[in-house]
Amino acid sequence: MAPLEPQEKVLVATEFLESDHGEIACDTCHGGNSDVSDKSSAHEGLVPSPSLSDPEGTCSECHEEIAASAKNSLHVTLGPFATILKHRADQDQYKTIDMGLERHCSQCHTSCGGCHVSRPASVGKGFVNGHLFKARSDLINQCTACHGSRIGNEYLGKRGQGDIHAIKGNMVCVDCHTAEEMHAAAPEDLKGRYHLKEAVKCTDCHKDLPRGEIRNHNIHIGKVQCQVCHSQTYTNCYSCHTGTDKEGLPYYTNQKDIESMKIGLAYEADAPDADFNFMLVRHIPIDPELFAHYEKDVFAKFDEVPSWKRTSPHNIQRKTWQTATCNHCHGNRDLFLSKKDLLDYEIKANQKVVVSDIRVPAKVARTAKLEINTSGVKTDWVVDARWLNDNMGKENLVILDARTEEAYQNGHIKGAVLLDPMKSGKLRWPWGTDTPQQLLEPEKIAKVFGEKGIAVEDHIVVYDDDAWKAAFLLSVLDFCGAKNISFLEGGIDTWRRSGYSMSTETPVIEPKTFEVDLQPQFIVDNQFVRENLDSLDVLVVDIRTLDQSKKLTKHPQALSFGSIPGSVKFPVYGLYMDHAQLKPPQELLWVLKQRGISPDKTVVITCNTGAWAGAGFFMLRYLGYLDVRVHDAAWVGWEEFVRYPGCGY
Amino acid sequence: MLSQIAPSRFSISTAAVAICISFSFALPDLLAQSSCVSCHTQENMLKYNLAPKKEQKSAMTSGAG
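The listed protein sequences correspond, in order, to chains B and E.
Residue 236 in the working numbering is what sits at position 236 of the first sequence, and the numbering runs on without skipping anything.
Counting from 1 along the second sequence, just add 1000 to a position and that's the residue number in the working numbering.
There could be a bad hint or two in this list.
Taking lysine-lysine pairs in the DSS-like style, the calculated list, with each CA pair at most 30 Å apart, reads [said to hold, decoys possible]:
| # | chain 1 | residue 1 | chain 2 | residue 2 |
| --- | --- | --- | --- | --- |
| 1 | B | Lys319 | B | Lys554 |
| 2 | E | Lys1047 | B | Lys134 |
| 3 | B | Lys125 | E | Lys1047 |
| 4 | B | Lys9 | E | Lys1047 |
| 5 | E | Lys1047 | B | Lys551 |
| 6 | B | Lys554 | B | Lys593 |
| 7 | B | Lys414 | B | Lys426 |
Hints were generated in silico from the structure; no laboratory data involved.
This is chain B alone, in the form it adopts within the complex:
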């Protein structure tokens, strides 16, 4: 999230002055000196966040009961952090841990104002609505400004397809996490957030599940946490380390993160709704060396608490790969946490979470058979790091690095040629032109390809660090007629981790002639989209993240919030996993079918500027879809087209 401009951060709206809070003098809460007119004197003694430093002297003047409770809420105290770390340490070690906790981890805690009037420090602070107090916190500017890297990304389709509560229900955080939960005072010795008795439960809304019509609910309730069946893959973080930089400022960093899913044994039966045997578990970023920057070996009792903990991913779907058929879970050993998933230092800590072979539910003999036709999958369009390493140096093999120049200079696959498809003016028209970010004329693109040493008949392998840039470049190559193209699964991350050769040297490029064999049917214009909005044979898929397609945010270059009427919302990150990993084709085909994106239709993919659409196009072509098209003008072009018909779009 981009920080606000300095003036935006402190600009007070007239609506605020007309509100109840606007009747209170500024200095009543914020101090300072309102009798003087020069800036520095007026701001002397100013308290920017009064509810943080003195909640009882400010908010509780009117909201006495809430303020008294909220000052002990989890958002303010972060209580379980300390409770759990205390379990891992001896009392005399805890001083170091407490200091580390305060310097690194407790920076996130919030206050009344942090949820009701301003943005949190992590995104640069500033008023959300001109200092207007809102009872319901803002999903974008407040909740996910802190809870962004996991929960926000999962919920809004920045990892996975997004959450059905957002897609179908247009629900925001506070629709589930109500004031009762948010303001609840947490007991000092609360074991974890799931132990808070006011914490939201799925069954608060979905009340009739045990007596409902869905047979699988009757079978699994009381045994399996809801999320086990209804979540998508999520991020697991490993090895958090703290330290201070050259300027002495504290930081923390995670060594590794992996998008995956694991089922573990439920070990906290005393949590209010933990009436199940199996639950989803997430690796938390704890590490014995977490505070080693300050003191070695501070976790004398590291094994007391598991490092794989209960999780509730915010990427719920009614139908998931787990619900497709019984044996996606039953008998699927890899889905259940095993000893081989554990690092050396955490084996003992996770004994009670690990699912032994005997506890893995047995395969079901009679179950629904999935009919997924994978015969059309272009298997040679995806290669892995081992294949590429084995085939390095072969004639006509060209490796393209689709990352930024900076990333390329810091280290790339040996022999790879840099071609950043996002660089303005390279393959697409720059901003400020009549058709910004749409593809240049094919001849110009062919010239760029030729200069990079690519011929149309070469085997072109493209990689990046998060999949979609490489996939977009592959879609352009496909459009221009390249037949032998491949995506490097796992991208640079897997290549590096596999220990294959990296380089910082720029290879000498021998220019070639790229003979374009244009596939014009791959791209459609606004007119085509408009003419087919009501067509049963044409499906427009909006592949943007849900914050944009659900009108909570917009692309910086877009004039307005919105989406093409009738478009199916399916974020691009539902097709690509973190670090350019891919799900199996049969899973992707099944998921797409559940969302109505079936191969028997003409699928038109749209986004903001055409790049994500290109990435989606490549994936569907790889999966064997016969008629996929890119809406190159995308939302930025569409809104202009709708406003000013005939303007060149």
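For chain B, the structure is supplied; the task is to place chain E on it using the hints.
Using the frame of chain B, we list chain E on its own:
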């Protein structure tokens, strides 16, 4: 008739008390408010007076969960 429309001693003293209350509570509030908002509602003035600050690095690099 005149006695009916002329303010009584009671109403005069009520008005006086009301003015006193206004001065001791609401009016200073309004004055304090107007002093602050005279700047904080003027976007151009704020833009002119506030140079972009170098964002201080923070331990919060990737956001919580």
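Which of the numbered hints are not met once you compare them with the structure shown?
-> The structure conflicts with no hint, since it agrees with every one listed earlier.
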